[in-house]
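Residue numbers (our numbering), protein chains in the order written: chain A, 1 to 475; chain B, 476 to 789.
Read the hints as simulated data drawn from the structure, not as lab findings.
Okay, the calculated bits of chain B under chain A, using three or more residues with CB under 8 Å as the criterion: (1) 476–489; (2) 585–592.
Computed footprint of chain A on chain B, listed as stretches where at least three residues anywhere in the stretch have a Cβ under 8 Å from a Cβ of chain A: (3) 564–576; (4) 780–789.
Using N, Cα and C, we set each Cβ at its ideal position, and we do this for glycine too.
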Amino acid sequence: MSGTADFFNEMREPDGSVRDAYSSYCDWYDEQDARLLKRKHREAETNFRKTGITFNVYGEDEAEERLIPFDMVPRIITANEWRKLTKGIEQRVSALNAFMHDLYHRQEIIRAGRLPQRLLRDNAAWLPNMVGFTPPGGVYTHIVGIDLVRTGPDEFFVLEDNARTPSGVSYMLENRETMMAMYPELFMRVPVESVSDYPRRLAKSLAACAPAAAGDRPVVAVLTPGIYNSAYFEHAFLADQMGAELVEGSDLRVVDGRVAMRTTSGYKAVDVIYRRVDDEFLDPLTFNPDSVLGVPGIMDVYRSGGVTIANAPGTGVCDDKAIYSFMPDIVEFYTGEKPLLPNVETWRCADEDSLKYVLDNLEELVVKEVHGSGGYGMLVGPASSKKEIEKFRAKLVENPSNYIAQPTLSLSTCPIYTKKGLAPRHVDLRPYVLVSPDKIDITPGGLTRVALEEGSLVVNSSQGGGTKDTWVLKD
Amino acid sequence: MLGRTANGLFWMFRYLERAENTARLLDAGMRMALTRDLVTAEEEWRSVISTAGQRTAYEAKHGTYTGSQVWNFMLRDKANPSSILAMFGLVRQNARLARNAISGELWEAINENWLVIDEQLKKPVAENRVLDTVATIRRAGTLAHGALAGSMLRDEGYHFARAGTFIERADSISRILDIKYYLLLPSLSYVGSSLDTGQWDQVLRSVSGDRAYRWLNAGQIDAKGICEFLILDDRFPRSLAFCYCALRDDLAALARLHGTEGQSNMLMRDADTRLTDLTIEEIFDQGLHEFLVEFTQDNSAIAEAISTDYRFLA
Numbered sequence: 001m002s003g004t005a006d007f008f009n010e011m012r013e014p015d016g017s018v019r020d021a022y023s024s025y026c027d028w029y030d031e032q033d034a035r036l037l038k039r040k041h042r043e044a045e046t047n048f049r050k051t052g053i054t055f056n057v058y059g060e061d062e063a064e065e066r067l068i069p070f071d072m073v074p075r076i077i078t079a080n081e082w083r084k085l086t087k088g089i090e091q092r093v094s095a096l097n098a099f100m101h102d103l104y105h106r107q108e109i110i111r112a113g114r115l116p117q118r119l120l121r122d123n124a125a126w127l128p129n130m131v132g133f134t135p136p137g138g139v140y141t142h143i144v145g146i147d148l149v150r151t152g153p154d155e156f157f158v159l160e161d162n163a164r165t166p167s168g169v170s171y172m173l174e175n176r177e178t179m180m181a182m183y184p185e186l187f188m189r190v191p192v193e194s195v196s197d198y199p200r201r202l203a204k205s206l207a208a209c210a211p212a213a214a215g216d217r218p219v220v221a222v223l224t225p226g227i228y229n230s231a232y233f234e235h236a237f238l239a240d241q242m243g244a245e246l247v248e249g250s251d252l253r254v255v256d257g258r259v260a261m262r263t264t265s266g267y268k269a270v271d272v273i274y275r276r277v278d279d280e281f282l283d284p285l286t287f288n289p290d291s292v293l294g295v296p297g298i299m300d301v302y303r304s305g306g307v308t309i310a311n312a313p314g315t316g317v318c319d320d321k322a323i324y325s326f327m328p329d330i331v332e333f334y335t336g337e338k339p340l341l342p343n344v345e346t347w348r349c350a351d352e353d354s355l356k357y358v359l360d361n362l363e364e365l366v367v368k369e370v371h372g373s374g375g376y377g378m379l380v381g382p383a384s385s386k387k388e389i390e391k392f393r394a395k396l397v398e399n400p401s402n403y404i405a406q407p408t409l410s411l412s413t414c415p416i417y418t419k420k421g422l423a424p425r426h427v428d429l430r431p432y433v434l435v436s437p438d439k440i441d442i443t444p445g446g447l448t449r450v451a452l453e454e455g456s457l458v459v460n461s462s463q464g465g466g467t468k469d470t471w472v473l474k475d
Numbered sequence: 476m477l478g479r480t481a482n483g484l485f486w487m488f489r490y491l492e493r494a495e496n497t498a499r500l501l502d503a504g505m506r507m508a509l510t511r512d513l514v515t516a517e518e519e520w521r522s523v524i525s526t527a528g529q530r531t532a533y534e535a536k537h538g539t540y541t542g543s544q545v546w547n548f549m550l551r552d553k554a555n556p557s558s559i560l561a562m563f564g565l566v567r568q569n570a571r572l573a574r575n576a577i578s579g580e581l582w583e584a585i586n587e588n589w590l591v592i593d594e595q596l597k598k599p600v601a602e603n604r605v606l607d608t609v610a611t612i613r614r615a616g617t618l619a620h621g622a623l624a625g626s627m628l629r630d631e632g633y634h635f636a637r638a639g640t641f642i643e644r645a646d647s648i649s650r651i652l653d654i655k656y657y658l659l660l661p662s663l664s665y666v667g668s669s670l671d672t673g674q675w676d677q678v679l680r681s682v683s684g685d686r687a688y689r690w691l692n693a694g695q696i697d698a699k700g701i702c703e704f705l706i707l708d709d710r711f712p713r714s715l716a717f718c719y720c721a722l723r724d725d726l727a728a729l730a731r732l733h734g735t736e737g738q739s740n741m742l743m744r745d746a747d748t749r750l751t752d753l754t755i756e757e758i759f760d761q762g763l764h765e766f767l768v769e770f771t772q773d774n775s776a777i778a779e780a781i782s783t784d785y786r787f788l789a
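This is chain A alone, in the form it adopts within the complex (with noise of 0.2 Å):
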């Protein structure tokens, strides 16, 4: 793939001049000392290191935790543009949650011919249990990572929407919390939005959307796979920050019709389950029988209303890509406006014109299947072989619906800090959204991961990407 020359530069106008975004940080950057910059950028790694920031990797021989490489240099959004996008994720978290309602009830939407019956009936997340229920406070969606690309000045496209179990969020508080040991200065001289509270609003959030059978002040926890979960720090990270217990499967039971925690005072109830364990393995009873993760009985609580579920099982719907193709019709649909954010063109392969079309072009698209997730199972084609391509064009036509296509984006750049200084990679950013019965948060800020190679477009920490330390401005 050629350089990084082409694409929309967030630091730098096409003739070299810093955009108003960046000015005070250049400004700060061109004052630096070369060695104390490389120094800081060594001093970063141990911070994360000695703090515990990191992920599981499995697979080989033993366990390994590895951190997600941190870039020193921030992604930085003014005041305005993150308004603009507050409204447009605002409009289209609120879908999302309107529309989950109405799948597992009504479906006016197919009635109305503007979604497809198959799609839910080849919708693996689809969960029939749900139908007819309707969660605590109608939240579905309590916590949304809406995935973003930018091309240009003005134009920013949902790429991904993450309605089951958004991850990432402890880095957007650690970055953050680097960025402040590491350059306090920076701090005094360009006015950041804090992004620490995010826990404070997220237990607010949860606490609002408490089951009925709760008392004044909801008991939260969070529940995790275990410690050889890859994202168990990010787990622990956020109960201890929500003063939530971090709780396992064996740690809960289910206890005259709620379900309760093993205290060391006995069992006590619990209102509302952070869950990180996916939907099959949340209740060997209704689901995955061998699964040891969840809670035997939990599915027949929370349709009795004893709990709340965050996220409620069966919201995978959504981050499904086929799916995601009929956003614009469902934003629409549900708000009666048309959507502020576009949706990356897309083609569903199962439409047979879409598929032709994919078929005579593979080597310009990006090929997704529509379950799949972290980067894996996708054909960048401008960046595969011929024989690549060959390979995946015959998968593709064995079986056509299961795959979306997409043309190859021209992701924004943002300069990271190498040893020859600073020089231009692609970005993406997830913002995090907290939904509850009677309000949308939007923290302001997000995880912005870069592609560290030049000119990879492949930003997910599973495939060598870093992230940043992500600047709204203060107005």
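Here the structure of chain A is known, so what remains is to put chain B in place on it, guided by the hints.
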């Protein structure tokens, strides 16, 4: 607090104490080996392994006792489930498990030192590096206990951490004494022989008590004095009496926090009486070995009762 978290805290501090105790033994062994001829040194290393309770595992692997084999076995050998590396790995794993019940300072004290220890023990350790690791373990212990004292909420978690510490320490002291009990019996000791004072010194050093003992006894060293010091002197932080003073307070605090006493409090009361009411003469009369065996069993029973009283396991 979750029962599982309480269990994590309790064991985090037990393993930390165990790693520290092993490091102390190794430290004493190193010193001993340096002041002895080669033949006696082999004896000393065997005694260090026995005292650490690792003899069976060691002899399954090695037929001879050399310093380098012994310290590498105790520090890092994969065949040794009680190696310092394995112990400290368990400390960190339990800290991770109880991560949201411990302060950030405590977590970092463990995690930072783990990174150092893991690095130091990647390759076999040469004689001039043994004490580095011993020092790191001690530092980790000091930092962790400092962070516990200075940054942890005085809720049940704090008391579980301390209970784990003192249960393990008492267990370790009583085992060390029992393994050396024949050296400590007044009837068998021939006072003044240089070998024996050396052996006694070794016992004191194994629990880092040599300095405190000398200070209290103005250089006089005898078996009865050592036993009295390590069993009954509640001023010394590595005596049975001190451990049980502390343990009693922590178990009482737990009962208060929970509004009810459990089996552990009852057992504690009985055990405590034995330490406060007996004199060293009475202990010798009933038999030092018998006393220590009973103590170790009761100590395990208290640990077991804590685990049951506070629902550590499902």
